[in-house]
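Asker: Starting from the structure of chain A, add chain B where the hints point.
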Amino acid sequence: MRQPVLAFPLLLGALWLTAGASPLPAARAKPAATKAAAATFSFWNSGPDLSTLVKGFNRAYAGKYAIHYRNIPYANETEIVNSALSAHHGPTLMEESLTPSAPYAVEGVEVPILPLLKMAGIDPARDFPASMWNRTTVNKVHYVAPVDALPTVLFYNKALFKAAGLNPNTPPVNQATFVRDAKKLTVRAKGQWGYVQEPAWPNPFLFPSLLAQFGGREANPATRKILFDSPAGLAALTFEHNTIFKWHVSPLNASNGEAHNLFVKGKNAMEMTGAYDYPIYQKALGNHLGMAVLPVIGHRPADFLGQNYWWVFKNPGLTPAVRKAVAAWFGYYYHHSLLLAKEGTIPVWLPTLKNPAFRRIAGMPVIARAVDTGVLNPLIPNWGTTTSTYLYANISLVLEGKSSVKAGLHIAAQKMQQEMATLP
Amino acid sequence: MTNFHLRRTWMTAALLAAGLVVLYFPLAWMVSTALKPLSQAFDGQLIPAVPTLANFRAIFAPGSASPVLRWLGNSLLAAGASSLLVVTVDSLCAFALARLRFPGRRVVFYLIVASLMVPFIAVLIPLYEEFSGLNLLNTYWALILPYGANAFGVFLLYQFFLGVPRELEEAAMADGASRFQLWWKVFVPISIAPMVTLGLITFMNVYNDFLWPLVATTSQNMHTLTVGIALMAIGQYSTNYPLLMALTLCSVVPILLAFIFAQRQLVEGISTTGLTL
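Note that the protein sequences, when read in sequence, are chains A and B.
In terms of our numbering, the first sequence is residues 5 to 428.
In terms of our numbering, the second sequence is residues 14 to 290.
With the rest of the complex left out, here is chain A:
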């Protein structure tokens, strides 16, 4: 009988301790710096952590402006933001990749961003790369501004190039040189590949890059017409397919992460993927790491830009003072982008991109060039989800040899077109 007798006081004690009288500091207490501020706003971010910069802003504008900052996991943004918006507890400022902003813009819960940028003295045409600003409208209105960029680049192993009799300082620049080099770098006896084409990742980076290089587009956001099953799309996917089945420079059915793992182990000579892998490759390969803009596999230079954007939600708390606070944050952020670049975040602020100090940071000149020729996903609601479900699932089947290039793209386009009809 002792244990049940103990259960009630234990239960009450636990609830008292945890809910009301916890010895742990009250979690809802706002930071001291934000208490006295005239205008405060909430900022939720699923991209690279900006807490240090936010702290700097809160210090710099103490008593005037303050930000309540929250980092949220990238993969769960939808659940968190939608729950909060439904209860009118959404953030004022949100940072995410580009296409998740589209449904909110279509539903009319975002405010146009141009007036806020102007308030901060920012002229997007002058201050942002054209690749990051153009084609980011919904119904001809700009609701988003770029935060950072992550272009698709070519990583290569200089030591393997040297061993294969290739010049380690001249990576391939077009399809012909890419295939030639990849063949020379493939040494099956050693388990070494010139290039590793995975059926799945990093196609969300690579396929749009190659598609744009062949002159194609994924879709037209104005008409919601799917366009990736064009001759350009066929050419792009045929190239990927050929690396496995025709030129045999890539292994069959490479598993998820295999390109990355083999590259780190020195068994994969080239990889075309997002620049996010640069720090780990730098650590693994040191001076043997080469990085270059993507070779022109198609007809013109182009590369997909991974990216983060921010937008401002309409809410009753968006007073003129809060608008000024948001504008002040924009100015503060962009003017500190060199500092962030030194920590690895690729800026989208042209004054920083042109700054000699920026160009001295390892790897950044290549990345800056890639930003110039970057392309973005079309600003269509649910683009990420629908492409994962249809386009990239079908590309995987093609690259696993289970479907033809034409059939794969055709089926994906057909299904996605049907999906487009259901969107807001």
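There may be inaccurate statements among the hints.
Label pairs and their calculated CB-CB ranges [unchecked claim]:
1) Phe-223(B) - Lys-144(A): 34 to 42 Å
2) Arg-63(A) - Val-266(B): 33 to 41 Å
3) Leu-147(B) - Ala-325(A): 25 to 33 Å
4) Leu-256(A) - Asn-234(B): 46 to 54 Å
5) Leu-66(B) - Ala-361(A): 32 to 40 Å
6) Phe-249(A) - Thr-252(B): 24 to 32 Å
7) Gln-286(A) - Val-136(B): 43 to 51 Å
8) Leu-224(B) - Ala-66(A): 34 to 42 Å
9) Leu-270(B) - Leu-342(A): 44 to 52 Å
10) Ala-74(B) - Arg-63(A): 20 to 28 Å
11) Glu-281(B) - Phe-249(A): 31 to 39 Å
12) Met-24(B) - Gly-169(A): 27 to 35 Å
Just so you know, these hints were derived from the structure itself, not from any lab.
Please read all numbers here as calculations on a predicted model, not as lab measurements.
Cβ coordinates follow ideal geometry from the N, Cα and C atoms, glycine included.
Answerer: For chain B alone, kept in the frame of chain A given last:
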């Protein structure tokens, strides 16, 4: 022992050993990856070439931006309090449904059991709105109350209480026990094993839950360990697997301890309720 029996013993041992390897290999891989630097995370070796504690140092470094111990404390508090609450509420509910006679008893029971079919994602937004309306988001209440009663526990204890002999109840009533005393002094003591089982299962569920704590807590200090792990190790495009494995390893320890301490009651509970984990 005959040759046949010897062979059979060896075969059984070999099969069990194979099963053990299959079960424990992922755990061994987790420990191994936790002891590797990021650059060697995918070297394919079970034994790290150069074992390092750097990932653990990063987790527990004084002044670390990520308060892992705080997250662990939050998880333990939420899981512990929820377990106590669920055991109490579910036991009372199951007792009423199994032993008291009142109109609509069966309907209430089926409604409760039917709620097992509703996936959590379907109630996420209403639940969020409820807690937002009560101004309880980002508090410990939000981490405890939603788990405070569950249909599974009611069903489990209902089945157990149905099997308690009527004579026991009648004897207590003849001694002048009220219905509450009947529950408290008769049913609770004899259902310790299933209640511990329910408590432990609830503890594990709450401790491992991700989505609700993620949505309901906004400040870093209120996150639970699962949310903290996601924030600390999983990036937008890349994941720090050695750090993720080190964090996961740390998160497994409390559950392991809970199992060790409640092992006897757990086995007893499983055998008395026919439950499978």
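Asker: Which numbered hints does this structure break?
Answerer: 11 and 12
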